[in-house]
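**Q** Residue-level listing of the chains:
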Amino acid sequence: MLGRSAWGLFWMFRYLERAENTARMLDAGFRMALTRGLSAASDEWRSVLITLGLEEAFAATGLEHSGHIITNFVLRSPENADSVLAMMENARTNARMVRTAITREVWEATNESWMILKEVLSRPVREADLGEALDTIRRQTMLVRGAMEGTMLRNDIYNFAYMGTHIERADNTARILDVKYHVLLPSLAWVGSRLDNAQWEMVLRSVSGERAFRWMNAGALDPKGIAEFLILDGRFPRSLAFCYDKLASNMASLAYGYGEAAPSHELLRQANARLQQTGIAQIFEFGLHEFITQFINTNRQIADAIAADYRFTE
Amino acid sequence: MLPDGVPMTTTTFSHYDEMIDGQGQVRPAYAGYREWYDAQDPRWMMKQGKQAESFFRRTGITFNVYGEDAGQERLIPFDMIPRIVTADEWKKLSVGIEQRVRAINAFLHDLYHKREIVKAGKVPERVLKGNEAFLPQMVGFTPPGEVYTHIVGVDLVRTGPDEFMVLEDNARTPSGVSYMLENRETMMAMFPELFSKVQVQPVSDYPRALARSLAACAPPAANGHRPTVAVLTPGIYNSAYFEHAFLADQMGAELVEGGDLRVVDGRVCMRTTRGWTAIDVLYRRVDDNFLDPLTFNPSSVLGVPGIMDVYRAGGITIANAPGTGIADDKAIYSFMPEIVEFYTGEKPILKNVPTWRCAEADSLAYVLDHLPELVVKEVHGSGGYGMLIGPTSSKSEIAAFEKKLRARPENYIAQPTLSLSTVPIFTKAGLAPRHVDLRPFVLVSPNGINITPGGLTRVALKKGSLVVNSSQGGGTKDSWVLAE
Chain A
-19 MLGRSAWGLF
-9 WMFRYLERAE
1 NTARMLDAGF
11 RMALTRGLSA
21 ASDEWRSVLI
31 TLGLEEAFAA
41 TGLEHSGHII
51 TNFVLRSPEN
61 ADSVLAMMEN
71 ARTNARMVRT
81 AITREVWEAT
91 NESWMILKEV
101 LSRPVREADL
111 GEALDTIRRQ
121 TMLVRGAMEG
131 TMLRNDIYNF
141 AYMGTHIERA
151 DNTARILDVK
161 YHVLLPSLAW
171 VGSRLDNAQW
181 EMVLRSVSGE
191 RAFRWMNAGA
201 LDPKGIAEFL
211 ILDGRFPRSL
221 AFCYDKLASN
231 MASLAYGYGE
241 AAPSHELLRQ
251 ANARLQQTGI
261 AQIFEFGLHE
271 FITQFINTNR
281 QIADAIAADY
291 RFTE
Chain B
14 MLPDGVPMTT
24 TTFSHYDEMI
34 DGQGQVRPAY
44 AGYREWYDAQ
54 DPRWMMKQGK
64 QAESFFRRTG
74 ITFNVYGEDA
84 GQERLIPFDM
94 IPRIVTADEW
104 KKLSVGIEQR
114 VRAINAFLHD
124 LYHKREIVKA
134 GKVPERVLKG
144 NEAFLPQMVG
154 FTPPGEVYTH
164 IVGVDLVRTG
174 PDEFMVLEDN
184 ARTPSGVSYM
194 LENRETMMAM
204 FPELFSKVQV
214 QPVSDYPRAL
224 ARSLAACAPP
234 AANGHRPTVA
244 VLTPGIYNSA
254 YFEHAFLADQ
264 MGAELVEGGD
274 LRVVDGRVCM
284 RTTRGWTAID
294 VLYRRVDDNF
304 LDPLTFNPSS
314 VLGVPGIMDV
324 YRAGGITIAN
334 APGTGIADDK
344 AIYSFMPEIV
354 EFYTGEKPIL
364 KNVPTWRCAE
374 ADSLAYVLDH
384 LPELVVKEVH
394 GSGGYGMLIG
404 PTSSKSEIAA
414 FEKKLRARPE
424 NYIAQPTLSL
434 STVPIFTKAG
444 LAPRHVDLRP
454 FVLVSPNGIN
464 ITPGGLTRVA
474 LKKGSLVVNS
484 SQGGGTKDSW
494 VLAE
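Read top to bottom, the protein sequences are chains A and B.
Its first residue numbered -19, the first sequence is counted upward by one per residue in the working numbering.
Its first residue numbered 14, the second sequence is counted upward by one per residue in the working numbering.
Be aware that a few hints might be false.
To be verified - So the derived list for chain A, only partly shown, Cβ under 8 Å to chain B, looks like this:
| hint | residue |
| --- | --- |
| 1 | Leu(-18) |
| 2 | Arg(-16) |
| 3 | Ala(-14) |
| 4 | Thr73 |
| 5 | Arg76 |
| 6 | Met77 |
| 7 | Trp87 |
| 8 | Arg291 |
As the list claims (entries may be wrong) - Taking beta-carbon pairs under 8 Å as the criterion, some of the chain B residues facing chain A (in silico):
| hint | residue |
| --- | --- |
| 9 | Thr72 |
| 10 | Val269 |
| 11 | Thr285 |
| 12 | Thr286 |
| 13 | Arg287 |
Hints listed in this document are in silico derivations from the structure and should not be mistaken for laboratory results.
Built from N, CA and C at the ideal position, the CB exists for glycine as well.
Isolated chain A, as found in the complex (with noise of 0.2 Å):
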């Protein structure tokens, strides 16, 4: 397999996750601002801005700081390179160049999702008519997903997809918990604090957690829970520490079919060790921020060492 076709389908699969997470922090965002004060809400665009890198890019076109202004920006304006439909083009672009490397099932999958979000974001989507575009491009990334999962032999092309996947996903989930650490953080210190339930929920909304999390813990909300949650529970597909138990699984199996391993899969180890030694009690003694900051920058570290291993560039 060519190295450049590897690194085709590992951001095809970056772009595609991103896009989705994208969407579900737009959904948590939106939620908020239909249910909480406008002040509530324009916090909540801020951090969403925030989460998603975008603040710079934002403040920098001078637009006015509304919901309405706000997603259109994150979904489809021509002056930020990193919209949902950018990286829907991208995802699109890459899997052209990858395209002998995929089944025709994948592939029509993407160039349809491609073509019907393009058809749904070329002009300004109005508040109510968010909620739709925001479930189509849930909907469309599962569906490539959904391919890649009924039609795709399980080697080296599947696992370079995947790896893509996972170190995105870890990377948007701990952003997400980054942007909240400081509503979680104070509560600590701060047992049976008043603070608004909303912006946990919000928290687990935009990992489509809050189902999850509540059947687990009765409906409670805490945020010691949450960020354990999100952090450490290997049953929960969003999390950080399901991310890299699959991570781990598919550079296994690449490692297997290669007949060897690779630098990037010992830092991967090393990390894995690390969140599965930790509790979420030395998280916050640790510092949640700190703590997630350091994933981020590793989680960074491993994407470029795989890159590396396998020849992405030259």
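Fit chain B to the given chain A structure using the hints.
**A** Leaving out everything else, chain B in the frame of chain A:
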């Protein structure tokens, strides 16, 4: 010319219509199809046509048009009425094609070695001298298996019942074969029962035949091992990228770009996730000029620095061989009858279109006198650009072209406006005749010549138009050769 939608029963044609004869009768080739067609509901047919378009969009069978934004992809319009020839007609045609392709290979070998044809005075030195398509780097070198043109697309026009003329020999990197294959797939998906009523020879073996044919031309360095074949594409923004990916996919070959390749230890290698892997046969879809920045265009990033040295040392097979362009050069075209006869010892079976070489004073004078009735082409042009179609051009267009022609006569050839045959297309008002050409695909290997029954039919969708190029409003059709 018939107005659209008039039932095609009786009419007289100045050109050959492939479905209806001079008495208004359906010709044998179309008998089975017409019987089926007449039993269909036109509204249902219309619906199927729309489905075909969405099918093409979804599968991404698009091409990029140069001069438009990168990433602007367009569909080549597909017409769902097949273009049909009988097994007998095809047999005669393919004998002619084989003869011509053999001659082209022999001609190339001769040109780069002894040049007997020049010595014999059949092809003048002047058309070779200074011709950019002739590569001095190929002189004295024989490609593996003595094959120069592994893949040839011969552009034919039909002018009568058994009369096909060669418009152009595409001996460099002919494209369009993916449309031949996908058009058939689409037809079988849209009208499955049709194919049980009318027996058509399959085209789907082409990718396997291509893989076999390429593998048979492995270089000495492959050492008898199963050769590694790769397709070299300029990248996803190339107009034919879909086809490059399609063929690589169907052959199970890697699809590589210049950036993936490098010369390592005397071999051309691709960068894989596990290191550098040698390529034995490179089916390149980039032009000669971009192949090797050390030998040709130094600014090219599409090729591989040093590939020509590896090639000459027997480390890789390049398909088609560099320097084959001299054989399909428009300045050489007019000599093809002599070339065929010189190497095969036989009269050419396929005719050439009569051609005036504007480099010759007598011819130029004639051409200048008859511009309104001629087609004038640039010697090195392609894609239907930079040409004059006299009969459909205005006086001022002709005058403007005349200036260019007088300034550089050696740059042009002229041909009579051919009465290209017509075949029916589907329109809202029913079947309507349109002009077509045909590009069969020919594979050459030491094991022989393989011609896929059918090819790519290009159709000028505009009424009366003779330009079939996809970049200028042409469409494609499924091309059928009936089973024997």
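**Q** All hints are to be evaluated individually against the structure, with a verdict given for each.
**A** We went through each hint and held it up to the structure:
1. For leucine -18 of chain A, the interface hint holds, the least distance from its beta-carbon to any beta-carbon of chain B being 6 Å, beneath 8 Å.
2. Hint status for arginine -16 of chain A relative to chain B: holds, with the closest Cβ pair at about 5 Å, below 8 Å.
3. Annotation: interface hint on alanine -14 of chain A holds; nearest CB of chain B at approximately 5 Å, less than 8 Å.
4. The criterion of a C-beta within 8 Å of any C-beta in chain B is met by threonine 73 of chain A, whose closest approach is roughly 7 Å, and the hint holds.
5. The interface hint given for arginine 76 of chain A holds, since its Cβ lies 5 Å from the closest Cβ of chain B, which is under the 8 Å cut-off.
6. About 5 Å separates the beta-carbon of methionine 77 of chain A from the nearest beta-carbon of chain B, less than 8 Å, and the hint is met.
7. Interface hint status for tryptophan 87 of chain A: upheld, as the beta-carbon distance to the closest one in chain B is roughly 7 Å, under 8 Å.
8. At a threshold of 8 Å, the smallest CB-CB gap from arginine 291 of chain A to chain B is about 5 Å, leaving the interface hint in force.
9. The interface hint given for threonine 72 of chain B holds, since its Cβ lies 6 Å from the closest Cβ of chain A, which is under the 8 Å cut-off.
10. Against a cut-off of 8 Å between C-beta atoms, the interface hint on valine 269 of chain B holds, since the closest Cβ of chain A lies about 7 Å away.
11. Interface hint at threonine 285 of chain B: satisfied, since its Cβ lies 6 Å from the closest Cβ of chain A, which is below the 8 Å cut-off.
12. Annotation: interface hint on threonine 286 of chain B holds; nearest CB of chain A at approximately 4 Å, less than 8 Å.
13. Hint status for arginine 287 of chain B: holds, given a least beta-carbon distance of 6 Å to chain A, under 8 Å.
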